[in-house]
Amino acid sequence: MAGVIYRVSGPVVTVQGLQDPKMYDVVRVGDQGLIGEIIKLDKDMAIVQVYEDTNGLRPGEKVENTGAPLSVELGPGLIGSIYDGIQRPLDKIRATSGDFIAKGVSADPLDRKKKWNFKPTVENGAEVKGGDIIGEVEETSLIKHRVLVPPTVSGKISGLAAGSYTIEDTIAKVGDDEIRLSQKWPVRVARPVVDKMMLDAPLITGQRVIDTFFPVAKGGTAAVPGPFGSGKTIIQHQLAKWSDADVIVYCGAGERGNEMTEVLTTFPELKDPKTGKPLMDRTVLIANTSNMPVAAREASIYTSITIAEYYRDMGYSVALMADSTSRWAEALREISGRLEEMPGEEGYPAYLGRKIAEFYERAGKVHTLGGTVGSVTAIGAVSPPGGDTSEPVSQNTLRVTRVFWALDASLANSRHFPSINWLNSYSLYVDDLSKWYADNVGKEWHALYQEAMKTLQKEAEINEVVQLVGYDALPEADKLTLDTAKMIREDYLQQSAFDEVDTYTTLRKQHLMLNAIMELAEEGGKALKKGVTAEQLSSLGVKDKIARMKYAKEGEIDAYSKEVDREIAAIGGMEAAQAK
Amino acid sequence: MSDVYYKTLNQVTNVLLFVEGIKDAAYGELAEIRLEDGSSVTGQVLDSRNGLAIVQSFAETRGIDVNRTRVRFLGTTAKLSVSTDMLGRVFNGMGLPRDNGPKIYSEESMDITGSAINPDAREEPSEFIETGISSIDGMNSLVRGQKLPIFSGSGLPHNRIAAQIARQAKLLDNSEGFAVVFGGIGINSEEANFFKKEFEETGALDKSIMFLNLASEPSMERIILPRLALTAAEYLAYTEQMHVLVILTDMTNYCEALREVSAARNEVPGRRGYPGYMYTDLSSIYERAGKIQGRKGSITQLPILTMPGDDITHPIPDLTGYITEGQVVLSRELHRKGVYPNVDVLLSLSRLMNQGIGKGRTREDHRGVADQLYAAYAKGKELRSLTEIVGEEALSAGDRKFLAFADRFENGFVNQGFYEDRGIEQTLSLGWELFADLDKREMKRVKEEQISKYGRWKSA
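Protein sequences appear in the order of chains A and D.
Take 1 as the starting number for the first sequence in the working numbering and just add one per residue.
Take 1 as the starting number for the second sequence in the working numbering and just add one per residue.
Keep in mind that the hints are not guaranteed to be accurate.
Using 35 Å as the maximum straight-line C-alpha spacing, the simulated DSBU-like pairs for lysine-lysine come out as follows [to be verified]:
#: 1; chain 1: A; residue 1: K530; chain 2: D; residue 2: K444
#: 2; chain 1: D; residue 1: K444; chain 2: A; residue 2: K486
#: 3; chain 1: A; residue 1: K113; chain 2: A; residue 2: K22
#: 4; chain 1: A; residue 1: K530; chain 2: D; residue 2: K197
#: 5; chain 1: A; residue 1: K114; chain 2: A; residue 2: K156
Taking beta-carbon pairs under 7 Å as the criterion, some of the chain D residues facing chain A (in silico) [as the list claims (entries may be wrong)]:
#: 6; residue: L35
#: 7; residue: D47
#: 8; residue: R122
#: 9; residue: A394
#: 10; residue: K444
Source of the hints: derived by calculation from the structure; they are not laboratory data.
Just so you know, even glycine gets a beta-carbon here, dropped at the ideal spot from N, CA and C.
Could you build all of it, start to finish, from the sequences and the hints given here?
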């Protein structure tokens, strides 16, 4: 027996007489069958949040309970797809309902007809348990999709198939359970793992300010708060493009439609720097733009992280970009307001902090049930009102994330991009990762990075003095420090996302670049002692060379760097001729 | 449509009517509220339950009583009849003619709330619109399908700038269908007349549709008006294949109306009393800009808002900036100096600029010139505040050049006439002229080959 609508108030609908309603069951609301989720039960009434526009919905229309919680379908075909917040494939919806999103449309998240070539990796009769890998299909040129036993299933495997199958075909039996290429998982529940591990390797992003100064570990969490126009989205895009994760899940929650279009048009053309394959072959997109229903925006974050966990369980390193978690929090606030819940700070529900913490806690590097190691790195953009991070979403986020990239409006206004403020940002992974950097980049890396950071901090101090006494009154050594800091800022930290070469810098090149700047500072310091002035040093031609080092291609960097080194070494000899 | 008039009104507040005994009013359904004297106002269902409908009146509830006022539900959500006959006409905030012309009758009527464009169907905006204004074209280029608001303040010439853009924008290229849809939200009659006169003078009136809600008219109409304007724009763009420029002024009045209505509904307030859903609500307006694959038309939005107290962190500009693809910020300081248009280029931004400029679109050095102008001007301004403390003498020779650059940039590049239409080539050349007074070594944002091609330095 179907229930009937008793009350409609925006996205919140009260339903009477629903059969056997359970919390978080998905229901189909009204004659159009809008998708909703039960969020509260009150005697014979079920309160439902509807994921679609409820204009035109009337009391008395019928409501049906699907009896299952909001789930995602996991299987081959996820990669390269674009979904809305509740995993409806936007391209298929467009094919059936046109350029504008119509109400009540549904489409299968994964292609039911497509056949995948399944290769088993276990034998009939083997004992398997939940999470074990029993075979694989080639999903894209970059991703082998490992077929997992659903977490709740275990037993002896039989009837193992091999060859071409759709996601609905049975490819094996475990005990009495039929195994298919796809499985479902409720989005609000974290997929189980054996345990979480210590983090010891960085997510290499090719972005100098991140990799050098504020790295995020694979399996770690990072927050990117910043006012509008400070380049949050560009940073998220850059990470999605260049970071060395195996799989990228990009969630546009409540953001701009044209930005998602940009991702859709540029990603298929971009090549993965390691493999040369299209970046789309490792990317899943979730796009619930700001004008799409607010309840689906709330769900989009969970849909995204569940997909990320699924690939983690196959043993991949996954990076999840959520842009923006503030819009997700606002969706929570809006629904909470409709439920007439007692508001906490700034109208946000009192459980905001818990929800944010729960989300980031689903990140991590893990031993999977199947015995491999996988990771989910979660990077969330935060859009604080007026850029003021004292507001609840920023504060709750900073409490749980371990990297803070503080975007700075004044840097953005002077077109210093990425506008990550080097004095306010931090990464708590620096110590955990120092061994990795020493082994993989160079032993002197840590000292080099610290020296550069010290120079930047010194610059801030000296600048305060300049405000009082003027530049000319500074000692020569301070002038040199200012010059060096300027080089670090302009020639190293600034990086153009739009320049073909500069958009991505390998760690090796980062090392050479930073080394050149600090080497110049050191040689310059020695020269000062011999009476050379800071102004003379400042007019050296080698500075221009270092400035243009970022545009040197990977293949040319060694030769380029040698030449720079040679010129720096020559400073030692210049004193006799130039000093007074 | 129902012929039943309900006389079961039980409670009336400022703008809300509680009608009892209603079984199935649709959420968002329109209602006719008929007063005792035979006059009627329109309302909309805000909350519907079995036995009760809460109707929001679009006009004030003056004269409504509990005993004799009757309510009829119209069986439809708010729709607008659309046709090309609307071009050249002026309508009010309910979509009715306010120019004494005939009502629009059309087969086509569209729901005014619109539907979200499927992100998969959007086409990336990439066609440069030349506005003839250097500070916009050169450094914050507008492209077709973009939404680029003007953040202004009381007493600043935002209307003139908007009018100049509407007049000069090469979107208004006659080779392709173009139209201007103007939405005046809670503006005064002088502002309305200014735009009317502007459109008349440039001959754009026949190609424009105006929706006007004057300051004295009901707040609820301010909430509906931008939706009417955009519905008309969508019809022109996606059915009639025209390139439409939508000017909405003043979005601050819109947000004030939203707050007023939200307060009347007893909703939990968010920041500064504005409703918590203001972001979502604004996005349902701004996101209606764009281009769709396979359709020729486009909607470019130029909303104008006045920042209360010139505060860019105020919720209205703040939430707008998070949705729109950049912003053009006007500066009171430049206005005082007599610079027109008083665009503060450091605070302004066009997010879609890169897609619209460069080789084959404008010129290959466009990005570099823009970045260099920003950097040099930012430096000049920083030094300007430094000299206030330490004096100009304390600056190095190189720094003094930047200081002079900032002045010349404001007076020679940003400043231009109300009727001065600068081509993009001219704008970029102006930039190179300004660079010539700086050291060539400082040119870190432009490529070397561009320096040798366009640089104006006298000798080596």
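Each hint, compared with the structure:
For the hint linking K530(A) to K444(D), the alpha-carbon distance of about 31 Å falls within 35 Å, and the restraint holds. Taking the CA atoms of K444(D) and K486(A), the gap is about 13 Å. The hint holds against a cut of 35 Å. Taking the CA atoms of K113(A) and K22(A), the gap is about 33 Å. The hint holds against a cut of 35 Å. Between K530(A) and K197(D) the alpha-carbon distance is near 73 Å, which puts this suggested pair outside the 35 Å criterion.
Note on K114(A) and K156(A): the hinted pairing holds, with a Cα-Cα distance of about 28 Å set against a maximum of 35 Å. Contact between L35(D) and chain A, as hinted, is not supported at the beta carbon level, the nearest pair being about 26 Å apart and thus beyond 7 Å. Satisfaction of the interface hint for D47(D) is found here, the shortest Cβ-Cβ separation to chain A being roughly 5 Å, below the 7 Å cut-off. Hint status for R122(D) relative to chain A: holds, with the closest Cβ pair at about 4 Å, below 7 Å.
Given the 7 Å rule on beta carbons, the hint for A394(D) holds: about 3 Å separates it from the nearest Cβ of chain A. A least Cβ separation of about 6 Å between K444(D) and chain A falls short of the 7 Å threshold, and the interface hint therefore holds.
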